[in-house]
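According to my numbering, the stretch in the sequence shown is residues 61 to 843, in order.
Keep in mind the hints are simulated off the structure, nothing from the lab.
Some hints could be false.
To be verified - DEER-style ranges, computed between Cβ atoms: (1) S190 - G581: 19 to 25 Å; (2) P475 - N100: 27 to 33 Å; (3) P754 - E489: 49 to 55 Å; (4) A199 - P588: 27 to 33 Å; (5) G227 - D397: 39 to 45 Å; (6) Q169 - G674: 15 to 21 Å; (7) D796 - N829: 57 to 63 Å; (8) S190 - P588: 55 to 61 Å; (9) V618 - I807: 53 to 59 Å; (10) D187 - A370: 37 to 43 Å.
For glycine and all other residues, C-beta sits at the position ideal for the given N, C-alpha and C.
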Amino acid sequence: MRIPHLCFGRNTRLARSCAIAGLIGLAGFANAQEYRRYDNYRAVRVFPTSQKELMQATTIASDIWTCEPRPDYIDLMFSPEEFDAFTQLNINHQVMTENVQTSIDEEAQRLGLGQWAANRKVWNANDGGSWYDDYKTLAEVEQRITDLSATYPALTAVSVVGQTLEGRDITQVRVAAPGMSGQLPIVFINGCQHAREWISPASVMFTMEHLLEGYGTDPRITAILNSVEFVFVPIVNGDGYEYTWTNQRLWRKNRRDNGGGCFGVDPNRNWDYEWSLPGGGSGDPCSETYWGSAPFSEPESTATANAIAALAPKVRAHIDTHSYGQWILHPWGYSFDPCPDESLFDDLGDTIETAMDATHGTNYTHGQSSILLYQVSGGSKDWVYGTQGAASWTIELRPIGGNPGFVLPPDQIIPTGEEYLEGVLALAERIAAPLILSSAGEYPSIASSGEITNVGIRVFESADTLNTGSPSLHWRTAGQPTFANEPLADDGQGNWLTDLGTLGAACNETIEYYFSAENTGGTSFVYPPDGETNPFTAVVIAQEVVVDDTLETETGWVVGIPSDDATAGIWNRNDPQPTSAQPGDDHTPAPGVNCYVTDHRSGGGAGTYDVDGGTTTLTSPVMDASDVFNILDDEPRIEYWRWYSNNQGQNPNQDSMPVWISNDSGQNWILLEDVTENAGAWVFKSFRIEDFLPATDQMMIRFQARDLGAGSLVEAAVDDVQLVVRGCPRHPADLDANGVLNIFDYIAFGNFYNAGDPIADFDGNGVLNVFDYIAFGNAYCCL
61 MRIPHLCFGR NTRLARSCAI AGLIGLAGFA NAQEYRRYDN YRAVRVFPTS QKELMQATTI
121 ASDIWTCEPR PDYIDLMFSP EEFDAFTQLN INHQVMTENV QTSIDEEAQR LGLGQWAANR
181 KVWNANDGGS WYDDYKTLAE VEQRITDLSA TYPALTAVSV VGQTLEGRDI TQVRVAAPGM
241 SGQLPIVFIN GCQHAREWIS PASVMFTMEH LLEGYGTDPR ITAILNSVEF VFVPIVNGDG
301 YEYTWTNQRL WRKNRRDNGG GCFGVDPNRN WDYEWSLPGG GSGDPCSETY WGSAPFSEPE
361 STATANAIAA LAPKVRAHID THSYGQWILH PWGYSFDPCP DESLFDDLGD TIETAMDATH
421 GTNYTHGQSS ILLYQVSGGS KDWVYGTQGA ASWTIELRPI GGNPGFVLPP DQIIPTGEEY
481 LEGVLALAER IAAPLILSSA GEYPSIASSG EITNVGIRVF ESADTLNTGS PSLHWRTAGQ
541 PTFANEPLAD DGQGNWLTDL GTLGAACNET IEYYFSAENT GGTSFVYPPD GETNPFTAVV
601 IAQEVVVDDT LETETGWVVG IPSDDATAGI WNRNDPQPTS AQPGDDHTPA PGVNCYVTDH
661 RSGGGAGTYD VDGGTTTLTS PVMDASDVFN ILDDEPRIEY WRWYSNNQGQ NPNQDSMPVW
721 ISNDSGQNWI LLEDVTENAG AWVFKSFRIE DFLPATDQMM IRFQARDLGA GSLVEAAVDD
781 VQLVVRGCPR HPADLDANGV LNIFDYIAFG NFYNAGDPIA DFDGNGVLNV FDYIAFGNAY
841 CCL
């Protein structure tokens, strides 16, 4: 199930449980020298199957580690007594760490914290090793910045952009090629909005230092710094970060005294964009996601935002660095709706993910944060994108799960920094382009004559202005030596489009095409990046839609067969409600709302109405796929859009959804596909019927969503089912449909005429007479 917004309620016991680790037995509020201990506390991944189980578990727990609701589980910390009480509830769970204090003690002893403070050693280059062999205090980070600035004075500019609540400096470092600061597009990177995420400032510092070291020695870094300026704020929340070193390792927020024994505001819920929306944070001062008394009430978020705004409009990209989970998240966070530049974020997010994954083989995932994880209102990335117009991401670093969670071992610092650096470099290379071209939708492999097949691009003005007369499609038919040019039209929504069907290519010809756009200086940019050497392709055909079922109304689909045994998640036709596993909309464009879905309701979470206990079956009405007279060499195809999710829950990826096809009204069935793909999106599928069985006038398809494994979460949906016939158009006078005009077409016309068949009504007046003979003769000789 998708975890509801646990920490977002106002003045509830549940909301306060998010902060309880900062309250129970924590004399550190009064005595800054006492270090909070978690002896024999367990870190537990809990898989609640109902709102009741969720409430029970979180009410008992000392601390909620995933206060940002994850798709299908929640990581909690229990004291020994709490864990005993929790196990009595018989809720599915997995113990990740038997004793949380063990890893904290190992870290504290290694670093000289708490009772080991006398052993504290300050890193010295003369002792050997890397500065990144272990984590560093705020003072050590500040000293490292000072040292790097002294070593690379021509590349750095250090300034203080504000003070924290307790008066600590918030330091900014600008890194640019000599003499180029302020002249280039900017990538702005901040770390440590959340105090306990130590790998965040470590990775930001690692990236900054490697840029400085690489300029003039590493050709790639040199080229990037000659094209892009970087601005770093390694530690936004200095007060909270310092507190994790002196008092409480797992502290998250800043150190605002909210009264009533509650401390801290979440800096990443305090930005002035869609601030305080229900579901995206909490108004409870004790909550881990407390959004503060007003937008930008906190000096940390205010100073960082002011630093970004002061550099506008040069800031083209922004990264807010966090842990954990290995996510690359783009706007919107506050809304499930896609942002206007969704295709750009998808394109650039894939660039970042590919680079990070390739470094050490880790598995990062990119996408819209509210869809992949949870809603966040008043977050930094929404503010940067929504008010400053820059592309913005939250990157959640290692680990992927709750063990070791926030206490990431020091041997993970350098590899995490290396993959983070690669992601930053890959993004910077894209941002360096004056214009960034991205897709304006799908690029179909079929261009159907007689139907609109719009294709195009979106253009992001990264470092220059678009010449609005320049966007073009370049196309040729396969085998031709040169590309012709076709101007693209602005649709008023930021898309530059043209219709492949109007290019004049003949049936069965393959079109090769790519796009270009120029800046006002005349420099041309192409999409896809390889342009004419690796263009998009589409085959021109004719297509006749025999069945077009949007599922908006009842058309004869049947739910259930005698062998079905699912106890929940039964197929129904309705407007789906969003969960982490289920779409929030059907696929049919507005005003369409309905699809078939495995129970459209969201309930208390993704696991409430998903498929449980067995199989639920959905069967189509009979469809006629026999010959279509106006299409030669007809190729009937069954097409549909589907949604499938089985990658959540305690036992993910254990089920599949078979899709079957029949050509005898359901007497016999052949497997069309067995779906295991967890796309988290509507996926289009098209199958040539003759690849499976002969096409008849008794075609049917069947979808079976099933939950056959314990702890599996299954959701499925189907929409926009079509039976189409593709081929090349028949010549009007080719009445025997053999592709050749000859005497047999005259004979066929005579047979149709004598039989009174409307096909012989060639002048289209509804009456068969001598004028139809004349019209047929004209078509035969002249068309």
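Distance restraint hint 57 to 63 Å, applied to the beta-carbon atoms of D796 and N829: 23 Å, violated
Is the distance from the Cβ of S190 to the Cβ of G581 consistent with 19 to 25 Å? 43 Å, violated
If you check the beta carbons of V618 and I807, does the distance land in 53 to 59 Å? The hinted range 53 to 59 Å is violated for V618 and I807, with Cβ atoms some 45 Å apart.
Given the hint of 15 to 21 Å, check if Q169 and G674 actually sit that far apart at their C-beta atoms. Check failed, 53 Å falls outside 15 to 21 Å.
Hint says 49 to 55 Å; check whether the CB-CB distance for P754 and E489 agrees. 52 Å, holds
If I claimed the Cβ atoms of P475 and N100 lie 27 to 33 Å apart, would that claim hold in this structure? Roughly 31 Å apart at Cβ, these two residues keep to the hinted range, so it holds.
Cβ separation of S190 and P588, checked against the hinted range 55 to 61 Å: 40 Å, violated
Is it true that the C-beta distance of G227 to D397 lies inside 39 to 45 Å, as the hint says? 40 Å, holds
If you check the beta carbons of A199 and P588, does the distance land in 27 to 33 Å? The hinted range 27 to 33 Å is violated for A199 and P588, with Cβ atoms some 49 Å apart.
Holds or violated: 37 to 43 Å for the Cβ distance of D187 and A370? Hint holds: Cβ distance 39 Å, inside 37 to 43 Å.
Hints 1, 4, 6, 7, 8, 9, counting from the list given before, are not met by this structure.
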